[in-house]
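**Q** Single-letter residue listing:
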Amino acid sequence: MPSVVPGQAPSLSTFLKTLKSKDIETSIELFISLLQRRQIRNSRPCALATTQLLLRVVAGERTRDAQALITRIRNVGRRLVAAQPGEMAVGNIVRRVLGVIREVAEEDQDQSATSDTSTPTSPSQSASKATPHRPGISSTISSFSPLHHGGALPHDMHARPMSSGDITPLAQDSAEQRPQLGATSPSYAGQGPTQVTSLFGLFHTPQGASPAGTPPPGTQSPVGKPAPRQKDAAADSKLDIKAEVIDGIKELLDELEVVDSQIAESALDHIHSNEIILTHTSSQTVQKFLATAARKRKFTVVHAEAYPNDHLATHATIVNGNRKADDSDSNPSDADERWKPLTSMGITVILIPDSAVFALMSRINKVILAPHTVLANGSLIAAAGAATIARAARAHRVPVVVLSGIYKLSPVYPFDTDELIEFGDPGKVVPFEDGEFMDAVDVVNPIFDHVEADLVDLYITNLGAHAPSYLYRIVADHYRTEDVDLLAKEVV
Amino acid sequence: MAEPAKEVPKQDDEKLSPAELKKRAKAEKQARRAAQKESTGAPPGGPPTANGAPTGEAGSNQQSKQGDQKQKGQQQKQGGQDKTQHKRSGSQAQSQVLAHRRRPSQGGAALQAAVANSNVPKEPKKENKQVELFSHLYTQRRHTVEGVSKDVHPAVLALGFQMSSYELCGSSARCVGMLLAFKEAIQAYTTPLGTSLARHMTTHFLSPQIDFLKSCRPISESMGNAIRFLKKLIVEIDPSVEETEAKAFLCEQIDIFIRDRITVTDQAIASSARTQIKPNSVVLTYANSSLVSKTLLQAHADGIPFRVIVADSRPLYEGKNLAKTLMLAGLEVEYTPLSGIAHAVKDANLVLLGAHSMLSNGRLQSRVGTASVAMHAHQADVPVIVLCESVKFTGKVALDSIVLNEVAPSEELLLPQPASEASQQSAGEDKDEESSSSKVKQLGDWRDIKNLQILNLMYDITPAEYIRMVICEYGSLPPSSVPVVHRLANEGV
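Line by line, the protein sequences are chains A and B.
The UniProt record's numbering puts the first residue of the first sequence at 1, with every later residue one more than the last.
The UniProt record's numbering puts the first residue of the second sequence at 1, with every later residue one more than the last.
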């Protein structure tokens, strides 16, 4: 991995390096400017940087009050999201961290509640307080803009009780910890009947829905319990909120690190011998997925080059395996895991220009895409060209598989997909030396495509494989209702 | 007798023993005989692949062998030549002269095409860089004059190289170019004694020209139709007609053909298609079609306010030429790479596409990428209209883009090395440093990277259901009417 030369243009690695030495406010400002200047871009670097930054923010916070911490993180998160609304991973991570804090706070209050019977907040009272703040989705739906509001939420989130299954990064431990559904539901029904606002919610088990690590049933918080309002409750708690939160964020970092290998684990379930697989862009996740399958099976990969925005990186990936360009060299955690190009593993790789996708699709067995962001309804934002690939695949009835870490899954609902599309440097299409042409002709270079949910057949995340129609559940498992709209006025 | 062979061995006379020389001359003569027999034997109306393949192969074996050796020779830096490689020196001398034309690696597609000959020198087995699915399409494009039959007229020679280097590109343009070159060639033609023009010209004169053009780049449907027309014309000439008169007649007929089937037709189609462009509409087109360009310019000249989106793709960037043309004419033009087509379609009201050929099952064969554009438009309910002269209609059918296609040299897809270096972001610098330690490979080294193949298709097939209308000189038709018009226009039935 080429180490970053000092004096190089700022990137994720330089940011992470300076993170330790600079004070928090400077770091936040630096990150915002890096985001705005697109010097940190793409989901993974953004997610990593956000997590590290929030870790710093939490660590630097003096307060032991969870509510203050939430407010602080929200404020920071709001600034980050506003800096680059297109990078939804930032918002996703902020929401996940908020979820961690809330969970810790709930646990904490749980404990204080058991020790002190005179809890100041009664569940019903807090529930009635909380309800008005829930984003009323039906009323704002038409004018709703995900970019301006940070996110919308699936309907069922109204009903969804706050489980503590929100942070839970590792799928492995979850298997053993699956809670007994029957055990918790009575308390659910008894404690927070006002919470159930839709019939749909009646059948939800409060915490079992995500196989991704629900904490042991013993630590389960009572349903519908809001974040502690009482400062003293937090203050005299036995738990060190900060330490807990930091642990939670570290788990999040671990998740980010292992997400690719977790996705790759299921490769053999999806790729058989002699398949012809089409993919595009230089996605590391896809390459790892294919490489894992390549250890056991022989197949052919057709690689569209994603001209004009990612073709150089794609070429480099095909030729050299681990990426040289932009983000991965700035990712220190990747430094030790160099991976070989697929060609060296005996996989035939056929490089094609994007234009040949339709021509070849009739011989393709499977399409594997890597998204930039996955949206709550199962649609996705991916590098430009993905829409063509997905539609050509549909026209030829070829299954489309999307590999995505949970961190790319956003609670945003795409009401206006045009807004989610970023337009890139026209100089990549036509060099600026061609002045006359550039002056007179409107050169357009979209970076992303929106792919509708019905074009996708399967999502493979680090939690397993899901139908696109199921994604909303995973969203509900990972993000708190209160956090979905980061830009909303102070909630809770 | 040995005339055709003399040309090549001349350069390496001193190295070839007379016996070898003789053997070679014989082989070449045989090949020529076979070629002539094939082309006479096949019906003139048959598809070019059917009547052209054996001849082409006989010829191209010879060529590709040379091309192959040339390439190997260059790759080996002319180091390990032994006596068995005697054939190489001649082609090498030539290839050095002609090296400026094209990169030597461009002949590489012939690696397999070259029949493993006993006197091809042994060397470490090269990996086959051809994509298996398309192995039937790989041909070597000719970029040099070596091994060209002496009968090929200079005008045709020049035309062939223009085609193989894309200087002359586009189905109708190539057709017109070919006819004009043939006209010149016909004027230089003299009937040998003891035969008549009608009998001699097609097989002995026209065939070498056509074979040569085919070896430069596979010929298009329009060219095939034009050749069929010309052959029919020649056969029908009365043997008693005087040669000059016959030649004048042929030239006149060629002019009429160009005028009727292409020039005037283009105008007719353009003015018919023009009516489809409504004021304030947005017209989307892909790559560069002369007909689309004409239509848009005419609509603009008629004062219709509209906007054009030109989608384009690597490696030919034909759309940029169209965008430039339209821009200079003062149209409002948007230019987007094919990756942005999903967005472009959202704005468009009409998609105008040019054609390489219209197949008899209503499908459109056009520049690769066209099918994607049509698919997006179809799904967005934007009408897709194909502009196509009837001379491009063909009796062939295809279900996918694999059987009927053309594979261009993969090297065209490689980025110009210095440019890619420069455009690479900061990371490119460490890349450079590492490449000095011979660790990092570039895409340019793809021939040395095992299992890596690069596929550069020329065309794709757009399904008929994506096409709302085909405008030809016979009017506006649904794609299902293509075979009818083809019979009417090209087969005269």
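Heads up, some of the hints might be wrong.
In silico DSS-like pairs for lysine-lysine, Cα to Cα no more than 27 Å straight-line [what the hints assert, rightly or not]:
hint: 1; chain 1: A; residue 1: K288; chain 2: B; residue 2: K441
hint: 2; chain 1: B; residue 1: K129; chain 2: B; residue 2: K183
hint: 3; chain 1: B; residue 1: K129; chain 2: A; residue 2: K298
hint: 4; chain 1: A; residue 1: K366; chain 2: B; residue 2: K129
hint: 5; chain 1: B; residue 1: K232; chain 2: A; residue 2: K296
hint: 6; chain 1: A; residue 1: K428; chain 2: B; residue 2: K232
hint: 7; chain 1: A; residue 1: K366; chain 2: B; residue 2: K324
To be clear, the hints were calculated from the coordinates, so they are not data collected in a lab.
**Q** Does K232 (chain B) sit within 27 Å of K428 (chain A), going by the straight-line distance between their CA atoms?
**A** Not satisfied, since the Cα-Cα distance of roughly 51 Å exceeds 27 Å.
**Q** Given the hint that K232 (chain B) pairs with K296 (chain A), does the C-alpha gap stay at or below 27 Å?
**A** violated, 60 Å
**Q** Holds or violated: K366 (chain A) and K129 (chain B), Cα atoms, limit 27 Å.
**A** Cα-Cα ~23 Å, so holds.
**Q** Just to be careful, I want the Cα atoms of K129 (chain B) and K183 (chain B) compared with a cutoff of 27 Å; is the pair within it?
**A** Outside the cut-off at roughly 40 Å; violated.
**Q** Assess, step by step, whether the Cα of K129 (chain B) is no farther than 27 Å from the Cα of K298 (chain A), and give holds or violated.
**A** Satisfied, since the Cα-Cα distance of roughly 18 Å is no more than 27 Å.
**Q** For a C-alpha distance cap of 27 Å, please report whether K288 (chain A) and K441 (chain B) respect it.
**A** holds, 20 Å
**Q** Quickly compare the C-alpha distance for K366 (chain A) and K324 (chain B) to 27 Å and report which way the hint goes.
**A** violated, 39 Å
Checked against the numbered hints above, the structure violates hints 2, 5, 6 and 7; every other hint is satisfied.
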